[in-house]
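J.: Given chain A, put chain B in place with the hints provided.
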Amino acid sequence: MALASAATDSPIQTTSETNDNNLQTFFVLHKASSRKSEKRSTGTGKTRRRIDLSPSSPKKTDKSEAERAEEWDERRYEHLRMEAFELVWSRIDLTIKDVLRGINTNVLNEIHSWVCESFNAIKSFGTLGFAEATRSFPIVAAATCKRLFTGLILTKNMEFVDDLLTFEELGLSLRSHGCHVANLSSMDFSAKNGIGGCLRGFLRQFLTTTLDAADISILASWYREQDNHDSPVVVIIDDMERCCGSVLSDFILMLSEWVLKIPIIILMGVSTTLDAPRNILPSNVLQRLCPSKFILGSPAERMDAVVEAVLVKQCSGFSVGHRAAVFLRNYFLNQDGTLTSFIRALKIACAQHFSMEPLSFILGDLLVEEKQKGEKICLLPEVILKHASQLPSYVRNQMADQTAKSLVHGFSELKRLQKCWSIVVLCLYEAGKCNKIRLLDLLCEALDPDLYISRASNNHVELDKDSGLGMASDRCKRRKYSTFQKGGIISQIVRKVRDLPAVMLYQLLKSWENITVDILEIHEKLKELQSVLRFEDGKLKQNVDDISKRHSSWSPLNIEKDSKAINEKAATLLDCLVRDYLRPMECIPLHEIVCFKNVEKLQLALIGDPRRRIQVDLLEFYKILQCSCCSKSGNVLLPSMHDTSVMYTLAQEHGDLINLHDWFQSFKTVVLQPSTKGKHKSKQSPLSKKRKHKYESENKSEASIQARFCRAVTELQITGLLRMPSRRRPDCVQRVAFGL
Amino acid sequence: MGKEESPQITRRTTRSSSSVTVAKNGVETTKTSDSRPLTINELVFGENPIGLDDLLSSFPSRRAQILELVRLLGPSNSPMLPIFIYGGSSTGKTSIILQIFRHLNRPFVYSSCLTCYSPRILFESILNQLLLHRKNAANGYSSAKRCERPSDFVNSLREALSNVINNLKGNSGKSSTKNLVGRADGSMVYLIFDNLELVREWDKSATILPFLFNLFDVLKMPEVGLIFVSNTSPDTYYSSMGYMEPIPVHFPDYTEDAIRQILMKNQVNRKLYLSFLDVVLRPFCRITRRVDELSTALAPLFEKYCEPVSDSGVVPNEEMKRVLFSHLQPYIAPSLNEVFKVSSQPSPEVKTNSEIKQKGSRRKSGGCEEIDELDFHMSTSAKYLLISAFLASRNPATLDASLFDPMGGFDSRKRKRKPSQKSLEQKETVEQELLMKGPGTFPLERLLAIFQCITSIAEGSIDEEEQGDEGLEVQGGDGRLMSDVLLQLSSLCNANFIIKGGSCPLEGLIRYRSTVSEDMVMKVARSLKFPLSKYLYRR
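Protein chains in written order, with this note's numbering: chain A, 1 to 740; chain B, 741 to 1279.
Hints in this document: simulated from the structure, not taken from any laboratory. Hints are all accurate, no fakes.
Stretch-level coverage of chain B by chain A, calculated; a stretch enters the list once three of its residues show a Cβ under 8 Å from a Cβ in chain A:
#, region
1, 825 to 838
2, 846 to 852
3, 870 to 878
4, 1028 to 1036
5, 1118 to 1125
Per label pair, the in silico range of CB-to-CB distance:
#, chain 1, residue 1, chain 2, residue 2, range
6, B, Leu1227, A, Thr144, 41 to 47 Å
7, B, Gly1178, A, Leu165, 36 to 42 Å
8, B, Asp993, A, Asp230, 39 to 45 Å
9, B, Lys1044, A, Asp212, 46 to 52 Å
10, B, Asp997, A, Thr105, 52 to 58 Å
11, A, Thr144, B, Ser973, 26 to 32 Å
12, A, Ser701, B, Thr1169, 58 to 64 Å
Calculated from the model, a selection of chain A residues having no Cβ within reach of chain B, i.e. all distances over 10 Å:
#, residue
13, Lys97
14, Lys313
15, Lys415
16, Lys668
Ideal Cβ placement from N, Cα and C applies to all residues, glycine included.
Same shape as in the complex, but just chain A (with noise of 0.2 Å):
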């Protein structure tokens, strides 16, 4: 917290000092994001110094010229820390776009080739010149040549967003193969807009002259002139459940009558079940489709590839903290499931961290210059090397001596701890594949800082055994360990790997030797395990051999056994692996440069929940107000709270049906309560102070009280808390009680 608030203040000193004209401004502006009391001291503390800024000017020049000097730096270091976000975020950015078009290349390729069938299809049908082809009536064909190839696209999300990217990315893939590609989205086909502007819409990304009627026979014109008449018009509809039924069917009618003519193929986007088209389309329309279907990654596989790149691998060396990553799933799985708000999330956070963590920026250094980044740090100034021996985690490591050169070496370290947590998550992933294990669930756990802990007390106590009793099996200590997290995802994945048959075990151990090749400690141990296994697979091999020749006695149940065992070695590591190595980030000293921890910050950011906040607040409202005549009230209602407040408060008497009678009688009475009137007329907040005085000369007539209660009813509606006399009850109004 001390950090954050000294990150804050930062830019609020140097405005101070340079302007004092802006700092009202800031001053305001920081007032709502940081806490009251920090907000307060600060507050005082700008008032003072303003004071005695402008009395004497020798004293300031005095007092300036450090301070002046450590805000240059200050302001050099936001520099700085703001290139770092740009550089990190940059690169996450691009690794994320990366991996995302990688997931689809293999559907991009299928999807252009059934292009090129149908195509080669519709082009079976007859080839036309050019009159036939731009004459008005139809072709006399049988009705299978009029039907369209239609690929429907399923995107496997009901949210949309996410494939936007993706479709547009299909049209340039297309193009890019020479299709001529239109990209549609439901806007182009909606009711309101009728089959006019859908097809508008449709043609202008063909032709480039405007058009004031569009009209298919043009594109059919347009078609022929055009040099390669030997390529598809490719139609992608972005979201086909959100287009009007009605126009969606005129168009494809519309088409169909055409295709001999223009070779077009259609391909919609489907984000929830194929049943879609058929609950849009009437069936006359269903039967001019010939459909395919092509299926997009899942959001899930998408969402692991993401993470598997950005928060495992660690493209950018940015990571977050345990919490934020149960944040982080929490959203996804609950709130919105759609990747783009998770990346949203992570920009947010990965911000957040820059603009808070003020050695944020030697991630950027880190980052860039691998390799001088030990002489960089080295010349960092004292100020910095004090701040980072103070990071608590540094602290609680004790590693008291505050030189440069241990700082280096704690980088260093966390770099390497780093890469061997990453390399042990991905091993775990990798066994869990077959397991259907999602990696985002797996990163939770392998970030929990106090599963480790328990894993290493744990660790502790049998080594303290194996020196006691010097003959502690195997078997014991490993029940002991999985006992203690039984429902664990990593616990699964162990004991998964002891019942996997051989052949995926090789296969297994095989993708680990890749995983594994960075970290020699590990790759040795690995290959260990490998040398044994594959001595056994050839042992199995020609056991088989044997047994198919001669029937010897080799029963399957040795063979069984042993395969047992390597299963039994292999499981062993994982374990030994998580033990030694599946260190969470927050275990590691230093680790708040280029952790992102605060869940608090994100969760406001991403979820502001303005109703319950809107209610909150009309009933707390003096928190907000400050003013000193409501504050000390409690809960009895005063005439100079806010009408708003004191109508919803009055509210909450109700049940769904507020008489509106009964609500104003008791609102007059709070209003016009004349005992504290008087008292509190002086120290009213500056809102209500302005109408209560026009009011007091009115002598408050009951038109003004009917005009405040009609106002206050009028904002209750508009904030959505309320709902105005139906036609059924017109004495009465509904409360729409929800999220509080």
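T.: Using the frame of chain A, we list chain B on its own:
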């Protein structure tokens, strides 16, 4: 284009304009050179005329209609009254009229009200054809004349028609023409309006339809013939507006035999196809007599039928027919109900092992439709919202309190249910009523109330479930799923799971209706481990 302009000039201008484009753009030379410059002969069908016998034989069981039409059209240069051709869709109306004009080799202007979706485009399309105007890049794909109002259209049409007719007369006067094939016969011009039934759905149908039917009287040109093609009967148009009724020609639905003959056309192995039709045609004909539907439905079945046959030219004997039938039989019944069959595209080139694997998994997932899991992603709160919308649509609103009361709601529910189970008759009528009504509508508040109830109940179980990774409860309990419910609601509406219905007549508020099938909700509930059946009120 003036009236007095002679046909020769028209021809020359078009030719010169096309030569200008050629000069401009070398690429277009090859493209446009094969198409002659636009002449009056563009208005005929364009291919070699066919004889009457060919015409009759190419349309089985349409002999009477074809002869009737030819009689109505009369010999060349004889005036005719408007004709109204009607009959169900895919009964050969458009094809036959086009082929008749091919046979007669007379100039006509065809415009489909499907392609020409508004009066303006219809008018301009007709005028463009008559004025021999072709939209292209050179003229910015614009029409020859801008024409929106019927009165303008009549004037331009009269002008253009007389021009064309003069042209035709001059043309027929000359005995020696270069190409006899494409030359128009006679001096009549026919206007064909196809898909006329669609005009009824246009905004201005009330004025356009009488106008079109009246066109013959308005034009007062004996050289113009009008032909309307529609798939609804004339009764659906006329409303005794005082115009002359066109002569109706009805195209009845095909009989089974006619369908067999039509489907047999263009088949390579006629014997094999005939044996195939013997098996499938009767059940399919009970469902539809539309040739287009039948041919699309039968094509994949025939492929299946041919699977065991190695030689495509084989003549099937009885034994073989039996084998083929038993092979086909399991596929017939399912395909009867199938309107929309989605085939998953097998990727054409198999390069690597991984691709094979992927393909296999894809097939598996596509093959069996009855997967228990939901095959697309929804967030948890959207799932709960979907379930609550379903419940709100299904359950009567009066039972909400007893179903969702968090304080021992189950007991009160049982108490409530017992009396209702007694009166079976009443139950049945209510059930029927509900079936007729479909899913009920509900206001937003009710949806949100149910949503809050079921999430508060379900969250308890979620917590237990997720105790493995502790610390998942970053947020405080009840607000977790609630925060952006309205956003989720809008995305459910977008996915067509919930329909924003019309407003309640009494209160004037927006009401919602859930359109999800029960299977789907069951899947969703299963994925959440939510006891849906407990909350569903069964009649």
